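J.: Take a look at the letters that make up each chain.
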Amino acid sequence: MATYTMKEAKPAPSGSKGIIFWLKTNLFSDVRNSLLSLVGIYLIYVTIPPLLNWMIFDATWSGTQDEVVNSGARWIFIIEKFDQFIYGFYPEHLHWRPNLVAVLCVAFLIALKVLKNNKSKIVLMLLFPFVCFILISGGWFGLETVETEKWGGLMLTILVAAVGIIASFPIGIVLALGRQSDMPILRTLCIGFIEFVRGVPLITILFMASVVLPLFFHDGIEFDKLLRALIGITLFQAAYIAEVVRGGLQAIPKGQYEASEALGLSYWQGMILIILPQALKISIPNLVGSFISLFKDTTLVLIIGLFDILAMVTLTNSDTNWLGYEVEGYVFVTLIYWVCCFTMSQYSKSIERKFNTEH
Amino acid sequence: MSDQEFMITMKDVNKWYGDFHVLKDVNLNIKKGEKVVICGPSGSGKSTTIRCLNHLEKFQQGQIHINGTELIDDVKIVRHIRAQVGMVFQHFNLFPHLSVLENLLIAPTWVHKKPRKEAIETAMYYLERVKIADQAHKYPNQLSGGQQQRVAIARCLCINPEIMLFDEPTSALDPEMVSEVLDVMVELADEGITMICVTHEMGFAKKVADRVIFMDAGQVIEENEPHQFFDNPQSDRLKLFLDQILSH
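In order, the protein sequence lines correspond to chains A and B. Residue 1 is where the first sequence starts when you use the numbering used here, and the numbers rise one by one after that. Residue 1 is where the second sequence starts when you use the numbering used here, and the numbers rise one by one after that.
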């Protein structure tokens, strides 16, 4: 009879760790790889140091325009116009209101993480947008009203993006489910809407929202310009969300639908408890990708006369006291956009990790 | 015998996929507590037959009664019937985003509206029964195939069904894990639940079945009690089938 012994696991051989080893295997493993590495290092050398010099080491951070001696960026322009970039024309003595909303947003996100009770989470989610809206627009509880024409800057950018994302999400899910429905009329309507919107640029939809939409209403009904833009953006985004969610739904095995049906769950129970949680989890990277592009697309609202952060920079550049500061302004906006988008993509990665149930 | 004494009756059930005739005049009467094994070559309509019983598949002609209720295409009726019928699938179909315990709580809390605490007690009882209670807080993908199938069986038992349908429950399992699932099924059979099992496990059929049914090309070809079925097959088609599956 054959005998055998179970073998112990051994540690990996030495020499497969350390910096030198890493350099050898990853950067200089052969001639071609070494050449590419050298070219890469050279490119980093010619771009990064001058950029850092311009942005930080040679930059002017304080003083007046006449005192500028350094060759680098003149950030004094940004510091001078900072409030306009952030708040647009929002009255200065009321800046505490958007600030409070920003603080509340952070508190809201923390609360969602901390709270265990699902009911209180839902109440919070439903209540929060109204609190933010009342704080920013005023007119309630003795708060001074601020017309939407005065909203602007980064505040407007974030607001438009947030409303677009939050409102389009449920609409997009319903459209995706409708597109998969057995009911032919519902399905045709959903497909028609999705394909129409996806075949048209956002800028057209914004024009339609600001010019065509009012034609459908009787004279005298004033429809807020910002609200029209928000509706346009929401519907536009909903069509894209619908397609992303449809991709997720199609990836769910048929067995999951059958199991939830066989257990006696109704259509909506099965969707909400079983199918959508899985489909949305698969869709997170694409959803966030689509949210990020929406965030950047919000800048198109400037063509219907709303002043988001990019429009504010362009506007302040025409200030005769501050001519020739375009570069600083646009670099600043670039940084802001990058920070926001990068934060979103990192947040999505953390959500993905949280929902991972593979191991 | 009146219809009332049967748990399941199928009368002249016909089904087509497009032009393809999958079930041809299927007649089946199953008493309360009876254990029936359905076997046959692939594509013979055996899975389709049991999937008609909980309305996962619609049929175009004929009648099905489940525990005295006629199965028609009506949301309320279908829900009423599904509440009494548990189904175990070939590929387990556990919900991968929910822990084992949550998988077992879904139907009792949402369909049968039981209080969560009571549902947890029931769930833990059945997990204990399928010898997997220690895995309650793991996710399905962390379990072996045999363990997942036992969880799937426990998930059905949690709704306290009158009827259990098994659709090739061991076909997707590694050979080493088949017996742990069959053991659970044998135990269940001993308890008097009505059971219909589509399977190729002839050992299981001999051991627990009251009746074995052979289907081919959408028809019931032959049915008999297990001894007669295996030792004294009547039709040539069944003889050929048995030769092939028992030859090695």
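A portion of the hints provided could be inaccurate.
[Said to hold, decoys possible] Subject to a maximum C-alpha distance of 30 Å in a straight line, what follows is the list of computed DSSO-like cross-link-like pairs (lysine-lysine):
no.	chain 1	residue 1	chain 2	residue 2
1	A	K113	B	K207
2	B	K31	A	K281
3	B	K117	A	K354
4	A	K24	A	K150
5	A	K354	A	K121
6	B	K31	B	K207
7	B	K239	A	K254
Everything labelled a hint here was simulated from the structure, so no lab data went into it. What you are looking at is a predicted structure, and each value in this text was computed from that prediction instead of being measured.
J.: So which hints don't hold here, by number, going up?
T.: 1, 2, 4 and 7
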